[in-house]
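Number of protein chains: 6
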Amino acid sequence: MSKVVCFGEIMGRFNPDGFLRIVQGSSFHLSFAGGEANVAVALSNFGQRSSFVTKLPDNDLGVAAMRELRRYGVDVSDIVMGGDRLGLYFVEKGASQRASKVIYDRKHSAVTESVPDDFDWDRIFKDAAWFHFTGITPALSDGLAEIVKDALKAAKAKGLTVSCDINYRAKLWPEQKAGRVMRDLMPYVDVCISNEEDAEKVFGIRASQSDVSKGQISENGYRSVARRLAECFGFNTVAITLRGSLSASDNEWAGILYAGENFFVSPKYTVHLVDRVGGGDSFGGALIYGMINGFPAQKAIDFAVAASCLKQTIEYDFNQVTTDEVWKLVNGDASGRVNR
Amino acid sequence: MSKVVCFGEIMGRFNPDGFLRIVQGSSFHLSFAGGEANVAVALSNFGQRSSFVTKLPDNDLGVAAMRELRRYGVDVSDIVMGGDRLGLYFVEKGASQRASKVIYDRKHSAVTESVPDDFDWDRIFKDAAWFHFTGITPALSDGLAEIVKDALKAAKAKGLTVSCDINYRAKLWPEQKAGRVMRDLMPYVDVCISNEEDAEKVFGIRASQSDVSKGQISENGYRSVARRLAECFGFNTVAITLRGSLSASDNEWAGILYAGENFFVSPKYTVHLVDRVGGGDSFGGALIYGMINGFPAQKAIDFAVAASCLKQTIEYDFNQVTTDEVWKLVNGDASGRVNR
Amino acid sequence: MSKVVCFGEIMGRFNPDGFLRIVQGSSFHLSFAGGEANVAVALSNFGQRSSFVTKLPDNDLGVAAMRELRRYGVDVSDIVMGGDRLGLYFVEKGASQRASKVIYDRKHSAVTESVPDDFDWDRIFKDAAWFHFTGITPALSDGLAEIVKDALKAAKAKGLTVSCDINYRAKLWPEQKAGRVMRDLMPYVDVCISNEEDAEKVFGIRASQSDVSKGQISENGYRSVARRLAECFGFNTVAITLRGSLSASDNEWAGILYAGENFFVSPKYTVHLVDRVGGGDSFGGALIYGMINGFPAQKAIDFAVAASCLKQTIEYDFNQVTTDEVWKLVNGDASGRVNR
Amino acid sequence: MSKVVCFGEIMGRFNPDGFLRIVQGSSFHLSFAGGEANVAVALSNFGQRSSFVTKLPDNDLGVAAMRELRRYGVDVSDIVMGGDRLGLYFVEKGASQRASKVIYDRKHSAVTESVPDDFDWDRIFKDAAWFHFTGITPALSDGLAEIVKDALKAAKAKGLTVSCDINYRAKLWPEQKAGRVMRDLMPYVDVCISNEEDAEKVFGIRASQSDVSKGQISENGYRSVARRLAECFGFNTVAITLRGSLSASDNEWAGILYAGENFFVSPKYTVHLVDRVGGGDSFGGALIYGMINGFPAQKAIDFAVAASCLKQTIEYDFNQVTTDEVWKLVNGDASGRVNR
Amino acid sequence: MSKVVCFGEIMGRFNPDGFLRIVQGSSFHLSFAGGEANVAVALSNFGQRSSFVTKLPDNDLGVAAMRELRRYGVDVSDIVMGGDRLGLYFVEKGASQRASKVIYDRKHSAVTESVPDDFDWDRIFKDAAWFHFTGITPALSDGLAEIVKDALKAAKAKGLTVSCDINYRAKLWPEQKAGRVMRDLMPYVDVCISNEEDAEKVFGIRASQSDVSKGQISENGYRSVARRLAECFGFNTVAITLRGSLSASDNEWAGILYAGENFFVSPKYTVHLVDRVGGGDSFGGALIYGMINGFPAQKAIDFAVAASCLKQTIEYDFNQVTTDEVWKLVNGDASGRVNR
Amino acid sequence: MSKVVCFGEIMGRFNPDGFLRIVQGSSFHLSFAGGEANVAVALSNFGQRSSFVTKLPDNDLGVAAMRELRRYGVDVSDIVMGGDRLGLYFVEKGASQRASKVIYDRKHSAVTESVPDDFDWDRIFKDAAWFHFTGITPALSDGLAEIVKDALKAAKAKGLTVSCDINYRAKLWPEQKAGRVMRDLMPYVDVCISNEEDAEKVFGIRASQSDVSKGQISENGYRSVARRLAECFGFNTVAITLRGSLSASDNEWAGILYAGENFFVSPKYTVHLVDRVGGGDSFGGALIYGMINGFPAQKAIDFAVAASCLKQTIEYDFNQVTTDEVWKLVNGDASGRVNR
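Chains as they are written, first to last, in the working numbering: chain W, 1 to 340; chain V, 1001 to 1340; chain A, 2001 to 2340; chain E, 3001 to 3340; chain P, 4001 to 4340; chain Y, 5001 to 5340.
Extracted from the complex, chain W is given alone in its bound form (with noise of 0.2 Å):
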């Protein structure tokens, strides 16, 4: 089986017991996180093979980040250990009108502060049939820009399929930067994924009748964002996320993909959060187990969101579930009924 490629950062997150918040803990619990660690996993759990590729500080964190992917069968033997520190992020879960709240402590950490000399991706891709990663990458630093675009052209050499999140942080880069280093990356890309905010934030292409901040949305806004995105970077497939953000308990739900110029559109789900971060990741993550599965669009898009769906109520940022209770849910059975 050909393996897919992700490329980022792993990151310790620490979360409060509970609804607890960052300011009230004294407990806090370790896992491991980063958007494409998440799709590397997501797709090792769904039997898909995976690797990681990444630089880790060779201390216990760094060792314990490495192993917690080994655990869930992912390849890690293209991680390369070094430099200082293992970023990390704190989360507190929100609940009703109080949101999610995440502090970043990434910066200078070993992946962030990498050089080019530190992956020789023709080795890397050896096996592989696809590359991913997100727009969090070439946030941390202009060296990883260019190390993200190093990988893109060696990618597209050996003829991998290249996906990419767009996954905007404010907190890690400023909207015109973003725009300007994505720009530079898109022409590599061939599967691109953005969620209800992103393609307005990085490329300015906007959604309309949407206002995210009052927790609607509407597909029908996010079609012609779809478009333009495969238009203007010549993309063949776009997927974009909608969330409709009831509060910070219970959100909504869908996806919808555009290829070969037509849409599809999932069924929205009414989510009671467990924990919503990853959530993004998860879709991306069965969506590219779709594509390499060679699932039909509509299929492959019902298939990312029941995921993606599920994923939210599952604690940290890794997915558990299985294409079993996937295509449950795809089938339909959203019941939660005990099975004994």
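It should be emphasised that the hints constitute simulated quantities derived from the structure, not laboratory data.
Each hint should be verified, as a subset may be incorrect.
Once the Cα atoms are required to be at most 25 Å apart in a straight line, the calculated DSS-like pairs of lysine-lysine come out as [what the hints assert, rightly or not]:
#1 P:K4171 <-> V:K1107
#2 P:K4107 <-> V:K1107
#3 W:K107 <-> Y:K5107
#4 V:K1171 <-> P:K4107
#5 P:K4171 <-> P:K4101
#6 A:K2107 <-> E:K3126
#7 Y:K5107 <-> Y:K5177
#8 E:K3171 <-> E:K3107
#9 E:K3171 <-> E:K3201
#10 Y:K5201 <-> Y:K5107
#11 W:K126 <-> P:K4101
#12 E:K3126 <-> E:K3201
#13 E:K3153 <-> E:K3177
#14 E:K3201 <-> V:K1126
#15 Y:K5126 <-> A:K2126
#16 A:K2107 <-> E:K3149
#17 W:K156 <-> W:K126
#18 E:K3177 <-> E:K3149
#19 W:K107 <-> Y:K5171
#20 A:K2171 <-> E:K3107
#21 P:K4201 <-> P:K4149
#22 Y:K5107 <-> W:K171
#23 A:K2158 <-> A:K2107
#24 W:K153 <-> W:K126
Beta-carbon label-pair distances, calculated as ranges [to be verified]:
#25 E:G3179 <-> A:K2107: 47 to 55 Å
#26 V:D1058 <-> E:G3159: 46 to 54 Å
#27 P:K4177 <-> W:N331: 33 to 41 Å
#28 P:D4117 <-> V:M1001: 36 to 44 Å
Note that the coordinates shown come from a computational prediction; the quantities given were computed from them, not determined experimentally.
Even glycine gets a Cβ: it sits at the ideal position worked out from N, Cα and C.
Go by the hints and put chains V, A, E, P and Y onto chain W.
Just chains V, A, E, P and Y, lined up with the frame of chain W:
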């Protein structure tokens, strides 16, 4: 006060923390649970003398199970110590579209491998007015099915009222075998308790207008089920619980009682679930409590449904509510206002 | 900056884990709480200088309570150390139809048995602009009721604004006694805070069109309550919080302000509760913050209701939100979207 | 089997996690404990029928205390429900040079304020062969001292053997008062249990060659104490536990028995402490077990010292060891080898 | 690098918190453990390629066990999924005179009921240089004893070095049967590992001058045991671990190696135990690591004893130390000084 | 009361549970710690007014650190908010032969990147009598070394007493650089605190008769070290702590004081460690407390060594003992007897 004798298995129940999946868990909470044990505890908490009969391994796990029953005032003097192991089960709590999940590890448990000579029913039924079992017990082994039959014969010989919760478990036996064995035991039963699926799975008696995987329940469809159960097996009372699985987080909950050829329908509650496992058992315990205390039929079904509604807001299998709390809900106060 | 002086009891608050009942608990979280202490912390967190006055036992529990206040920047220099014990209370979190439950173990606490000489109000009110107390404090003992009266006289003599949250607690005193004692204190009060039940229980002033046990609230019915309170006691401002108890999991929350013979009504929020205990106190703290900072009346009530809405998504009594977070909600963003 | 009746207080015991100080704690473990309750549990765990008599508040904390006793098989049918509060105490675990620390919060507890009519000693002593109390109970209130005296009279009238553990607590009463009250009760006592300090503090009977604050104990010095106690009060048996406090982490532990004018000295154990609180009570329980089962004196003291040595390796007040484990230690296997 | 193949059972291991007894526990930590799995993990942590072969149930518990091995880099590709259940065991940590306690619940586990066709030894031994098993595996079932023999034949046919840790478990089989079965397997073994009891229990070869229940060990007495084992079965190397059980808290630990008719004796460490379970396995893993890397005999035994000394300061079965940490101890730094 | 000003870094300190290694941890306890912050807290707990000066990031982690200091009564009004991140460190607790381990993640912390203008020393030293820093602070960055020098100049100009704990950290800077920078700062220092290694590592002043890796300390060897330090740099007082690392579980602990050309030697304690990190800082805090309160030299060193002995029985960096507890140990009661 005459006692209610309950016979079956009590297991160790392991839960991972909060909403973690079993596969994510490193810390598990141990409680104790079992269909008939839950009924015995519910009765004892309501002030009704009850006894639980089983076989437990003579090790710390068996002792802990026995102590937990004793803690709630259940008479444990007829529990037999011996055999190999305590049955275990693992429960993960679902949320939203993700169903709760149960893994049984109860094969070869002490009670499953018990023999007729382990139980002296004449002695056990001294001072008893009622005998309760569920369809889980005969499902555990052919030997247990025989022992249940011995118990039923002794109970009827002593003039006890007999109740049975059909409690079909697909993981324990196929529908066909369940039907054959249970049909053989039903003639001894006076009070039959069923949920919205059992009667169909075990006896092929199907409700009209209902598709449980869609989360819809119609109490009308179950009236005919209750009547047909009573007609087939000569039950003097049939109680059916109706669960509408809106999601793994929110359920509808109601019940109907068929007695003296009349139907009594409870109010329907929408429950934001804390732990739904044991809900049916708490219904059974509350119903027996009502019947043994001579409640009129409407009051009995209202009490049983309200008690089991409240149970589903309580962690672990045992119901921990007082009769005062149940009456408050029966009387219409579902506001959850704090009393202080 | 002039300070707000709050006088009352701070207790140890024990919570069992998650949704466990007190009777199930083996591990309890200790936090600290009390009607007036909660106000002092809320004010200090908003940047308003505040002081808390009480008597605490000179043991580790008293020291821990004092330290916890100091942690939030509350001035503890007028706390008297002495007496026998720290008042305690136990809280279990309700869910759905099961109400939250409070067990008080606060009799004979140090402050309850304090004497007038423990407090030198002239010194305490140095640098103070505002004095706040609640109806809980005079309910604790006759001695405390006297001490409150001493404080009120001193406060008025110094020209402080005085606020009182009526906060009727049936477990502490009967309605009749509450009425008698509180009527004696009201002439010193400028700003009266009440919830939807207090005015009726203590002063016999009843809202029309309201039955709190049904979970319904009508802000119209409370307009007359506010006006009558102001007329009876000469308050210049009356604020009433309105809680609609849909269930123990979900509440409606709103407030009205009567000032200068005008009514100001806040938006109504539906809150998915994390911990509602302390909600009223966080309203009081935010209202005082608004008034001391000269907010116009509409802005004051909007701020207070939004702040206390957010508090109910936070564990334990103390409000842990920032003014930024409150303004975000006041300005209409209730979407709970993550900022990252 | 005749039962042993124990009378006194059972408290809630709060421990912070691990070696944290009380003042550091945010999570506290709740167990239940009390001098006489510990004896009742120890006896029941050894298979000796026992009953615990007290008064408990009719709230969740009182119910939880009662349930915990019932869990261990102690007869709770003579516990009176009523009164205000459950006595509490807080324990922090010392280490090395830092002593363990106890904060009592037991004033005004239900049993402390109980009255003679709460207890019908003739009914309580039905089926009883032995009555046990400690010096803590009369220390709690003058009323309780009277009630103990009533119980003693009734016990002697029924021919019960009476044991008393002197258990002096300086935090509860001064030495002089303890001496006066206890002298009044001693004539009813057959078996006197003391530690290396009690006899001196309460009755002024001092061991030679001993300075407990230096961590040294000399069993020789206590022979005369035992003899003088027996002579003064006519005890037929005197047992003295000897604790050498090497540090808060390691103690020496031994005991002597004086019976029939002969001395019986146990081996001395060096214990690496897990929890020393309740050590003396577990000695008392094991001694009563030995005496009621007719052990020869040497065997009785050896069993009692070994049992209480093992208790100090167990968390919380209740002894959780089996007679098999005690005999193994009595027979010389202190190697701690795993049996597998 | 050639790999070491380990065959046996991996179980779920449940520990109550801290020093609680199993019968007291409500929260249990789940780790994974097994004689041969512990060796595989130890080897992989030291950088030696290793593989673990077993059969695991295809449920979340089996998957979690497999993932935990994978986390440490152990090759899990030859694990067979199927069968009924994951073997479990419960461990409580002893202290001072109270021994640690193990309850096995491993009957009917998937590997215990595996059949010869489950394992294709020719494929499994591809790339392998060494095969390791313990006496626990043939003790689990007659079928497993046969499978082990199959494996041994295949291993010798391929020229692998074979090591066996005798690991006698009285709870699994009687001495006589162990002797008969193990004698049949020993001819295939090159490297025999034993503790101070195994050789006597299984083969009747007894050390002079030793009484393990007294906590004394004499390395002299074991020299003849090692020599006789080698002579009887033709082992080229015999290693014996020597544990002096001073108490459940403190043990002496040493080892001797007999190779080439010479004896090599390690230093003796006194270990303040954190968790001694898995100590012998960590010795085995470190010894194999030394031998496969061609360490001279003295260095090999020193490394193995130091590694397993350190393991006993680490929670749960798996050894988590690095070769650097082992060498530091081998080189004499046992001071436990912090490096910062 | 004049205050003691401490300047340096306060970090978040993450500990895995119990004796788990960092690499095993999933739940981490967050406390706050730093060489000079520990001194400020120790002083405040003893009743000595103290202030801590640093720069903290204006996020929840910075706020939590500030609040924790305030909780202990430390004056935080001169803390500057700003900069990027809170320094972090991870600590795992060693046992027996396994050393405790520290991972620093403190680079780029707010205070490390602070600039001279952040601190107005004239204002900061208002009301101050003493200034304390450690060798850690100038090690963090060249900028900080400059700022320390600014502070020292201002302190001397205002006539403050200056103390410095040399506190060499090999992970922060090489010995040569430490020597150069520290030699430049020493002329401003009055009271020098060192441990058994610092003087050698930083200034090349070596004790005779000592090999710290062997766990042996000889107070004689350090007399000359103290004298030479005083001679070299003109200190009026030199205090040296002596740690004998018997193992990671048990340490010897003592100190010597050189003042007025005389030596004062404390008793030597053997400590069964709970948490040794922060031990030296608690010594420094207690020494300053003694000196500022005019203790005679022998009393000062005895107090400081006893206080820091007790600290090592307490979890986390901050010392939580009272002066009463210290005096009890100074006066010879190391028995750890419970007071009740």
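Hints not upheld, ascending by number: 6, 11, 12, 14, 16, 23, 25, 26, 27 and 28
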